[in-house]
Amino acid sequence: MAEQTRTKRRRGSWRRIPERRLLGGVAAGVSARTGVDITVVRTVWVLLALAGGFGVACYLAAWLLVPATGQRTNIGSAALTDRTGITLAAGLASLLIAVFVLMSLVGAGWVGSFAWTFVISVIGIVLISRNAPADEQVTLRRLADPFIGFTGDTRRSRVALRALIALVLLLAGVTTLLLGHTSTALLRPLAGVALVIAAIVVVLGPWWLRVGRDLVAERQARARAEERADMASRVHDSVLQTLALIQRRAGDPQQVVQLARAQERELRSWLFDGHAPGSMAADTTFGAGVRLIQGDVEAQHAVTVEVVTVGDCSVNENLEAMLAAGREATVNAAKWSGVQVISIYAEVEPAEVSLFVRDRGRGFDPSTVPVDRRGLSESVRARMARHGGTATVQSVPGEGTEVSLSMPRAAGNGSPSPSPSPPPPPPE
Amino acid sequence: MSAPRGDRPRVFIVDDHGLFRSGVRSELGNQVEVIGEADDVEPAIAGIGHTIPDVVLLDVHLPGGGGHAVVTALKATHPHVRFLALSASDAPEDVIAVIRAGARGYVTKTISGAELIDAVYRVAAGEAVFSPRLAGFVLDAFAALPAADQERPSFDPELDQLTPREREVLRLIARGFTYKEIARELFISAKTVESHVSSVLRKLQLSTRHQLTRWATERRLS
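These protein sequence lines map, in sequence, to chains R and A. Position 236 of the first sequence, counting from 1, maps to 236 under this note's numbering, and the rest follow consecutively. Take any residue in the second sequence, note its place counting from 1, add 1000, and you have its number in this note's numbering.
Hints may be right or wrong, so weigh each one.
To be verified - With a cut-off of at most 25 Å between alpha-carbon atoms, the simulated SDA-like pairs for lysine to any residue come out as follows: (1) A:Lys1180 x R:Leu95; (2) A:Lys1109 x R:Leu292; (3) A:Lys1109 x R:Val396; (4) A:Lys1180 x R:His301; (5) A:Lys1180 x R:Gly361; (6) A:Lys1180 x R:Ala79; (7) R:Lys335 x R:Thr392; (8) A:Lys1075 x A:Asp1040; (9) A:Lys1109 x R:His301; (10) A:Lys1180 x R:Leu292; (11) A:Lys1109 x R:Gly361; (12) A:Lys1109 x R:Gln394; (13) A:Lys1109 x R:Asp296; (14) A:Lys1180 x R:Asp365.
Claimed, not checked - Computed from the model, here is a short list of chain R residues facing chain A with C-beta under 10 Å: (15) Glu349; (16) Glu352; (17) Asp359; (18) Arg362; (19) Glu402.
Simulated from the structure, these hints should not be mistaken for lab results. Ideal placement from N, C-alpha and C gives every residue a C-beta, glycine not left out.
Next comes chain A alone, as it looks inside the complex (with noise of 0.2 Å):
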């Protein structure tokens, strides 16, 4: 991961702070091709549609709307390109909306460089990048209501529930683990661990599950 490579991500950049978006492209060095930068949704969709990044870095608060707006623009018209959620402190509902709009990955801007190099490179590549923070969000979010929603049953119940194992890797994921720990942890390798995340992002995202919804509407209330 330290060498720069011959099929560097070209990443773009969303964040309505100046200073952060300095920072972030510094950090990434050049690890990765920063090709664009916006401070809010509006622009963002413009710049990413005109340049076709790999990896969106998008903030999940923006001015003019949550960052899921972005992702919900332009999931249709460019399904190739990725996002990475990023922010300090965010309520777990507004992270949790954009992970269902479709971004791949959420953490937070406490990582380190080489971590979020890390993560921009997973992100590239198809797969999960699940920081403890939002392995605990979403533990929460499919913990709340166990029982399968009895008023309003979805089409596909398997979407609904974590299996044992995704939520055994979740939790070490929340109690910081990297993939290689928990794979060594579990006795499986670090591909399944990965295929694991993905699924529940998978599920995540494509769950009609009305507790979902409900949880986090709960939450944004109170």
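Here chain R stands alone, though its shape is the one from the complex (with noise of 0.2 Å):
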């Protein structure tokens, strides 16, 4: 959801966005700029770096003079106070000028046509590695690796290996290419070109293969945190609640040992057979979960909940997260509202599905609920947008307090149960 909100953000200044960078964040920021798509941009940036460097600079420049998201410096203007680096970056690029300067005179003058954006590359390379934070300096470092000196990679046998190779295969290509504008056959510069791709892959294949593996690592990491955050509403759901309900009656041992039974049996359950809580086995509908939480909270908390359900289907991950919710609201209501009766109304249509969750209590505003209070925010609405839903809280302090869920019926999201007849009857 994060994602969608940055993508539509299209106004405001030009920033850099770090949280999706794969180096800087800068095409990420000109996707969210201009609406275009990542992919894209990426695409067109690498093709500007081929033609002639061009791109690598620009990106570079980018780099260093466009601030981070919710940053208002850039790093070009801290680098204006590192001496150190300026004078580095001074010393450096006078030294390559002065080389392209005798390779020109010495007749190789094609290198001067990408040896003005390969100098704004290495001071930008080093004024950003001085100057950035922490983290870009870490992925600049993961980028210039290659070239400084095949660092951190302590097999040297192999890297000189690869090194003997690469350089074998780019003089054979670059050969191929410069005899290749003398003869005319045809094939001489694509196979020259081929060496000299060859010669790249073989120098820095291997350093690619390990920036694939760090993004799906990443991707994995996210995946991990999100796993998390389920789990905690889980857990606050059910054990939480429990606790919170023995606390209150805590004068009635029988009620306490009664609940402390069944949330036990609930979370073995779960932590050994693989049974959410509240989840129902896998074949039952959205309607009978509907029910099972009307029986679950009418025994807990002592309320009446009608239930009007309309249309059914069966269950699927979303509509258990939805379920999950629907009843994290519906127990809300027992527990806040003051009144004896909630009314769900629960409506499985082709396009969507929806839940309503009613009292007719002393309600809330809802602007001043505290931030920290997890059950609406955390276990009703975060759940929902987890899993393509969305959750909308209607409360007037007096009137009462209407949740409504509802959840996209997308391709393989619940398959329709031959309704109007309910689910099949279990096996005799």
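Combine the two chains into a complex, taking the hints into account.
Put into structure tokens, the structure is as follows:
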């Protein structure tokens, strides 16, 4: 969801977006600003980089001069105070210029065509690597790794072998290319280009692999974080709720024992049999899930839950999350509304599934709910958002509260059971 | 609604549980005039035919046949007697059957005394009274097979479908909104809400829609 809001934001000044960066977040910034897909932006940038290094210089300049989101100053302004860095950059640049001048004097004039982009890039790399925030420096180092003497790779013999092969390929390629201009054979330039590319692959291939692996690892970490959030809201719904109930009914030992037993059973079946708390057997329907909520909440909170369902379908992961959110909303109503009757209305339509939980209780002002109250924000809203649904809460102090949940039924999102008839009877 | 009126509706209660009948009687208090009771289909038909009440509170389930048997038996001879179905928890097909037979509404037994009195007055005035559950049943019945019946087209296709507005009103009733709240939500008058509900009731009763019957049978079978 966060991703969506970022793609939507198009106004305001141009910012780099470090959260979505591969390198410096420049492409992400461009994509957010223009609305062009980020992959397209990146592709264009790589093509520009291949065309004489122009894209590389541009990218580094942007990295240096465009501030990141949430920051006012760019890296360049920080670099202005970095005397050592400036000296180093100036030294390197002048050295490079000297080399290029010498080369063009010797007769290899073609190097001059990308000399200036090379100089700008080197200056950029030096300044960014010294002045960028720590995590961006790491990225840059990783990027610059293969150019700065293969640091970090301890197996020198292997590196040397790779460098040797690359050198041979490169030489062969360049020679073929240079000779190709005088001869008429059409295939020669192609072969030359192929050899040069092979040389680049030999040198940079392992590094590319590593970058790819890192990206995969990052994605896995994100998935794990999401799983943790899911687990946290489950624990909140079951264990924490029960503990709160036990505290409230401390005076009634029998109730407490009953609650503790039920919770223990639920927790065991979650931990050891893989049944999520509040979830049902895999083959139940949405309507049955709603009635399960009705039964549980009525039993635990001594309120009446009136349920109306229209249509039905089988439950998948998304709808299970929706039921969990609905359960949380119902429990909330039972605990806070102060009335004895809560209405649930569930409707399964071809395009979406909706669930409404309504009470005529004391209501509240949604803007005054503390941010840390997990119930509504995390268990209901965020849970729905994580599974592609929406949740809205309407409440008027003194009149009651209604929580509306809806979940689109995309392809595979809950196959319809042969409505109107309820689910087939269980086998005898 | 709170003060007793001069023209209190005359009410007849049909339910097989004596305890429930006396409970309803005391809840209605002196707001209405309870003129009779019956505990089964036969005595109900006789009693209602004899006393001619304004409103009959009718249990959906009766030992000697469903509540719809009472409605069907009296509909032709006593068209001015109005029926309000009342039950604890019933299968949708039985509720729909009572409505199709001619009852003006359906409320659940969990309804509060004040709401029940309100419902009785409404039915007496010729309005339709839909509880959230009935609204859900009706939505289900009409939504079940949205396309027109291909095999057996009915005489009046308009009767076979709910308008989007009617559907909207029913959904709000199912969500627990009162007529007044629905009117506010949809920016229409409470009178208009009532006419939508009456129109749904009419469709429910007059539709020859094959599906409606089939829906009921299918539910009963499973």
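Hint by hint, here is what the structure shows:
no., hint, in the structure
1, A:Lys1180 x R:Leu95, "84 Å, violated"
2, A:Lys1109 x R:Leu292, "21 Å, holds"
3, A:Lys1109 x R:Val396, "28 Å, violated"
4, A:Lys1180 x R:His301, "30 Å, violated"
5, A:Lys1180 x R:Gly361, "17 Å, holds"
6, A:Lys1180 x R:Ala79, "67 Å, violated"
7, R:Lys335 x R:Thr392, "19 Å, holds"
8, A:Lys1075 x A:Asp1040, "17 Å, holds"
9, A:Lys1109 x R:His301, "21 Å, holds"
10, A:Lys1180 x R:Leu292, "31 Å, violated"
11, A:Lys1109 x R:Gly361, "21 Å, holds"
12, A:Lys1109 x R:Gln394, "28 Å, violated"
13, A:Lys1109 x R:Asp296, "21 Å, holds"
14, A:Lys1180 x R:Asp365, "22 Å, holds"
15, Glu349, "8 Å, holds"
16, Glu352, "13 Å, violated"
17, Asp359, "9 Å, holds"
18, Arg362, "16 Å, violated"
19, Glu402, "7 Å, holds"
Hints 1, 3, 4, 6, 10, 12, 16 and 18 from the earlier list are contradicted by this structure; the remaining hints agree with it.
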